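Protein chains in written order, with our numbering: chain V, 1 to 576; chain F, 1 to 321.
One thing to keep in mind: the hints can contain errors.
Some but not every residue of chain F turned toward chain V, in silico, with C-beta under 10 Å [said to hold, decoys possible]:
| id | residue |
| --- | --- |
| 1 | SER2 |
| 2 | TYR84 |
| 3 | ARG95 |
| 4 | GLN145 |
| 5 | PHE146 |
| 6 | ILE153 |
| 7 | ALA269 |
| 8 | LEU276 |
| 9 | GLU279 |
| 10 | ARG284 |
Okay, the calculated bits of chain V under chain F, using three or more residues with CB under 8 Å as the criterion [to be verified]:
| id | region |
| --- | --- |
| 11 | 243-256 |
| 12 | 416-424 |
Here are the simulated DSBU-like pairs of lysine-lysine, each with C-alpha atoms no more than 30 Å apart in a straight line [what the hints assert, rightly or not]:
| id | chain 1 | residue 1 | chain 2 | residue 2 |
| --- | --- | --- | --- | --- |
| 13 | V | LYS531 | V | LYS354 |
| 14 | F | LYS89 | V | LYS228 |
| 15 | V | LYS412 | V | LYS433 |
| 16 | V | LYS124 | V | LYS212 |
| 17 | V | LYS206 | F | LYS89 |
| 18 | V | LYS393 | V | LYS341 |
To be clear, the hints were calculated from the coordinates, so they are not data collected in a lab.
Computed from a predicted model, the values in this text were never measured in an experiment.
Don't be surprised by glycine CBs; every beta carbon is placed ideally from N, CA and C.
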Amino acid sequence: MKLFTTTSMRLLLSIAVISLLVVAVACGSSAQPKDSSGSASPKAAESGDAVGAGEKVTVLVTDVQDKNWFTLSNGGPDLKYSRLVHEDMFATKGRGDLIPGVAKTWKMSEDATAWTVTIQDGIKFHDGSDLTVDDVIWTLSLERDGGENVNSDAIGNNQCADPKEAAYVKYTASLEKTGDNEFTYTQNRPSPNFPFNFSQSNQDTKALVMSKDYMAPQMSTCFAEYEKNPIGAGPFKYVNHQAGVEYQVERYDDYYHHPGNGFDEDRRAKFESLDLRIVLEAATRVAALQSGEADVVEGNIQIVDQLEKIDGANVVWQDESAHSWFVMVDCWETDMWCYDKKARHAVQYAADFKTIGEELYGRGASLKGWAWATENALGYTPELDYYPYDPAKAQELWKDAGLGADNPVSIKIHTWEAGSFPMLPQVAELVAKDWEANLPGMTVEVNIGDQGAIKDVWNNREIPGDVLIRDNEARYDGTSITRGGFCNVGTAWRAVKDPAFEPWKTICGEASKALDDASSTREASFQTAYKYLRDESLMWGPFFSNVPWGTGSRVASYEPWTLVPYFTAPWTIELK
Amino acid sequence: MSLYILRRLGEGLVTLIALSFVVFGSIHLTGDPARFLIPVTEAHDEEVYQAQREAMGLDRPFIIQYLDFLQGALRAEFGKSFIYSVPVKDLILDRLPATVHLALTGMIMAFALGIPLGILAAVKRDSIFDKIGQAFAVFGLAAPQFWVAIMLIMIMGAQLTWLPTHGRGDIEGWWPEWHQVPDMIHHLMLPAFVLAITVIAAVMRLTRSAMLEILDSDFVKFAQVKGLSHRSVIWKHAARNALIPVLTFGGITLAGLLNGSVVVEVVFAWPGVGLLLLEGVRNRDFPMTEGAILLSGFFYIITSVIIDILYGYVDPRVRIR
Chain V
1 MKLFTTTSMR LLLSIAVISL LVVAVACGSS AQPKDSSGSA SPKAAESGDA
51 VGAGEKVTVL VTDVQDKNWF TLSNGGPDLK YSRLVHEDMF ATKGRGDLIP
101 GVAKTWKMSE DATAWTVTIQ DGIKFHDGSD LTVDDVIWTL SLERDGGENV
151 NSDAIGNNQC ADPKEAAYVK YTASLEKTGD NEFTYTQNRP SPNFPFNFSQ
201 SNQDTKALVM SKDYMAPQMS TCFAEYEKNP IGAGPFKYVN HQAGVEYQVE
251 RYDDYYHHPG NGFDEDRRAK FESLDLRIVL EAATRVAALQ SGEADVVEGN
301 IQIVDQLEKI DGANVVWQDE SAHSWFVMVD CWETDMWCYD KKARHAVQYA
351 ADFKTIGEEL YGRGASLKGW AWATENALGY TPELDYYPYD PAKAQELWKD
401 AGLGADNPVS IKIHTWEAGS FPMLPQVAEL VAKDWEANLP GMTVEVNIGD
451 QGAIKDVWNN REIPGDVLIR DNEARYDGTS ITRGGFCNVG TAWRAVKDPA
501 FEPWKTICGE ASKALDDASS TREASFQTAY KYLRDESLMW GPFFSNVPWG
551 TGSRVASYEP WTLVPYFTAP WTIELK
Chain F
1 MSLYILRRLG EGLVTLIALS FVVFGSIHLT GDPARFLIPV TEAHDEEVYQ
51 AQREAMGLDR PFIIQYLDFL QGALRAEFGK SFIYSVPVKD LILDRLPATV
101 HLALTGMIMA FALGIPLGIL AAVKRDSIFD KIGQAFAVFG LAAPQFWVAI
151 MLIMIMGAQL TWLPTHGRGD IEGWWPEWHQ VPDMIHHLML PAFVLAITVI
201 AAVMRLTRSA MLEILDSDFV KFAQVKGLSH RSVIWKHAAR NALIPVLTFG
251 GITLAGLLNG SVVVEVVFAW PGVGLLLLEG VRNRDFPMTE GAILLSGFFY
301 IITSVIIDIL YGYVDPRVRI R
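Model the full structure from these sequences, guided by the hints.
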C-alpha cells in the first residue's frame, strides 16, 4: 500500500508542479488588468493640436468583407479599416450632408449629367506627396471612365479587380481635366447623386482617393506593393496588418482636415494609434471591453444589456445603420397572388410592425420610413412610414383582391441571420404569425437559411410569389438603389419583369423622372418617387437598425455617424 | 521495410487524390459563387455575370476545372482566393503558424495533464482521485466546446483578468522573439486548453483503462513479487506498455488539432486555418475551401502513414502482413 501511496503522491506532485508552472508563466505576463494603451498612466487627451502621446485605442468589430486594401477588390464592410487610411473624394458631416473636403467646390450642369469639381490645395498623402486633381482623376478612371484617360484596361480584363466593377464603366461618358485643380465628369444619364456616391457617407470604397504616382506603376502586379503598404491621405497612416484579423494604424500628423486649414471640425485623431481587430463572437467583444483589452466594440441589440452592466462602460448608438427589406418576389406576374396591389397593401396592414419592432428591438431599431428612406435620409416624410396595424382593413383589401378561404395563398418567407440587422428570422416568424391570423386562407412557411443559398434561388427566379426579408446598408441618398431596383433593365428584374411593359414602364418612368429632375429640389423629387414606390409596395421595409457601440472606461466620448454604416468618425473618440 | 514504407506512402497519395476529387466536386455542388459575389444592383446583368464566371474560371467544363485544380494542388497551388484576391497558399502559410502553435500547445497540455491523471486514477482506483478524474473526463467529453470557451473567457479573462480574452497578441509567424514568448504562452493558454479539453479527457480515460489492464497482468504482479521498486513497477513496466495505445491516439489527435477548431478560432479570434475554412465556406470561396480541406486531409493522411510506419518498426508482424 505504501508503494502506491508514494506513487500517488509523486503523480499528484508532478501534476501540481506542471500546473503551477503553466499558471506562473501565463499569469506572469499580466499582473494587472490589461491596459490597451500600453502606457503606465493614461492621461486626458486635449482637443485641437495636442496628441494623446503613447495612447493606443483598440476597436473590435465584426467581420469585414474582402479583407484586402485595393478598393476595387473589396466591399462595403472593408470601409471599417480602409477609411482609416484613405480619404473619400467628397466629405460629409455624417448622414449625407456634403461639406468641403478633398473636393473643395462642385457644380452640377443643368441637365445633371456633368459635374465640375475643384480639388483642395495642400492635402498630402502619407508619403509626403501632394494630392492633386490627377490623383482624383486616376481614381475615378479606374472603373468609371469610358474615355481616353482610361486605366480600366486592367479592370476590364479582370486582372486586378472583379469584373462586376467594370460594369460601372458603361455609365461614364467622359472624364476630363479642365483646370489646374479641376475636372469635369460626365455620365450618359442624369447623376445628381454623383457627389454622394463618392462621399464619406457612401457604402462602398470606390470614392477613396488613390495616389496615381504610387499606384499606377503597380498596375502590372495588381498593386502588390500597395497591399503590403497602403498609402492614402486619411487621418491615419498604415503600420501593419494581417488580412481579416487586425489592422494597425497611427495618427497622421499632417492630416489636412482641421480648423488651421479653414475647416470647421478638427478631424485629426486625439490619440496616437489605433488597433482595429476582427472578433466575430459578440461575447468575446463584451469580455474584452470588460477586461480593458478593448476601448470600443461593435455591439448588437442582444448584448446591449451586457455592455451597459460593465463598470465604467457606456453604449453609444449609430442610428439608422441598416434597413430591413421586404421583397415581394415576382409579383409583377399576372397569375401571382400578389399581382394586385391591394394584396400587397393587405399584408402590410395585417402585420403589427410597431409591436414587433418595439418588443424585439427597443432602442435597437426605429420605425420611421420606408425601405431605404429612413428618418434622416433624403426624401423622408412621415407619409412614408409603415402601414398601421389594421386587421379589418387588411381583410377588406384581401377580399377585394379576390383572396380568402376560397382562394387560399400558401407562400414562404425566406430570410437569414444578418450581421448588420439582427433577429430577422424572429421578425419573419412574427410576421408570418400575423399574416396567418389576419388574412383568411393564408399559410406561411418561414425558411431561415444561408444567405448565399437564398440569394442564389432569388437570382435564379426560383421563389416566385414568396417574400424575401433581408438587410441592406442604409444611406442618405437612395438614387442608386432605387434605380437599381426599379429602372435598370439589367437588374430591374428584381422588381419588374420587363421595364418596357406596363405597369413597370410607368413605375420606372415616374420614379426616375422624379429622381432625375434637376429643376426641383432633390428632397421633393425623392418624396415624389418614394411615395409612388411605397404605394406600389413591391419592395418595402418598416425597420431600421441602430447599432450600439460599447465604449470602455478609458473613453470619454465617441460619436458615430448616423446613416453611415460600419466604423465611422474615429476622430470623435476622446479618452479620459 | 522500405517496401512497406513505399506502399504506405503510395496508399496515402491515392487517398489524397480521391479526397481532392470529392472535395472539389462537393464544393461545386453548393452553388454558384459568381452570383454570390455580384452586388445587388448588378446581379441579373448577364454580361456582368458571365464576366464574373470567366474571371473565376467557372465557365470551363467541370473535368477541366478539376484537372487544373489537381495539377495545382500537387504543387500546393490552389489558385487565388475569391475574397482575399491573393494565392490561397499564401493565406494558408500566413495562418498556419497560429494553428500549429495552438495544436502543439493543446497536445502538450493533453499529454502533460491527461497521462498523469490517468495513471493516478488507475493507481488509486475507486478513490476520490479516481472519481474526480472520471467526472472531469465526462465533463471534458460532453461539455460543448463553445460553452467552455465562453465561460473561460468570461471568468479568466473578463472577471479575473488573468488571461487575454482573444487574439494571438503581437506574435507573427513561426518564431517569436524571446521576449515575446511569455506573451505568446499567455495568449495560448485559454484557447489551447479549450481545444485540448476533449483530448485531455480522452487521454485520461484511455490511460486509466490501459493502466488498469496492465496492472492486473501477470508480469506486473511478477515484478512486484520480485521486489522491484514501486517506481520501476509503475513507470518501467506498467506505464510503458499502457502508453502505446495512448501515443497512437495522440498521433491521430494531433492531426485533428492541426486542422484547427473553427469554434475555438472564432470565439478567441485566433487567426488560424480553421477561421479561413469558415470564411471560405460562408463566402463560397472555392479555392480557399478546397485548399483548407485538402490541407486537413493531408494532415490526417500523413499522420496515419507516419504512425503506421512507426508501428511497422515496433511490431514486425504489421509490415510482413
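task: Against chain V, run the beta carbon of LEU276(F) and see if the smallest gap drops under 10 Å.
output: Since chain V brings a Cβ to about 8 Å from LEU276(F), closer than 10 Å, the hint holds.
- prompt: Is the interface hint for ALA269(F) satisfied, with its Cβ closer than 10 Å to some Cβ of chain V?
  reply: The hint holds - ALA269(F) has a Cβ within 10 Å of chain V, the shortest such distance being about 4 Å.
task: So, GLN145(F) near chain V? Judge it on the closest CB pair being under 10 Å.
output: At about 12 Å, which exceeds the 10 Å cut-off, the nearest Cβ of chain V leaves the hint on GLN145(F) violated.
- request: Identify whether the interface hint at ILE153(F) stands, where standing means a beta carbon of chain V within less than 10 Å of its own.
  value: Hint holds; ILE153(F) Cβ to chain V Cβ min 5 Å, cut 10 Å.
query: Taking a Cβ-to-Cβ distance below 8 Å as contact, does the region 416-424 of chain V have at least three residues touching chain F?
result: Violated: only 0 residues of the region 416-424 of chain V have a Cβ under 8 Å from chain F.
task: Would you mind confirming whether the straight-line C-alpha gap from LYS393(V) to LYS341(V) stays at or under 30 Å?
output: holds, 14 Å
query: Hint check: is the beta carbon of ARG95(F) less than 10 Å from a beta carbon of chain V?
result: holds, 9 Å
Chain F covers the region 243-256 of chain V, three or more CB atoms within 8 Å, holds or violated: The restraint on the region 243-256 of chain V holds, since 4 of its residues have a Cβ under 8 Å from chain F and three suffice.
field: Given hint LYS228(V) paired with LYS89(F) - CA-CA distance at most 30 Å
entry: holds, 17 Å
- prompt: Within a Cα-Cα threshold of 30 Å, do LYS206(V) and LYS89(F) meet the stated pairing?
  reply: holds, 28 Å
message: Min Cβ distance, SER2(F) to chain V: is it shorter than 10 Å?
response: Hint on SER2(F): violated, closest Cβ of chain V at ~40 Å, above 10 Å.
field: Evaluation of the interface hint that places GLU279(F) against chain V, nearest CB under 10 Å
entry: Where the cut-off is 10 Å and the nearest Cβ of chain V is about 7 Å from GLU279(F), the hint holds.
This entry does not satisfy hints 1, 4 and 12, going by the numbered hints stated previously.
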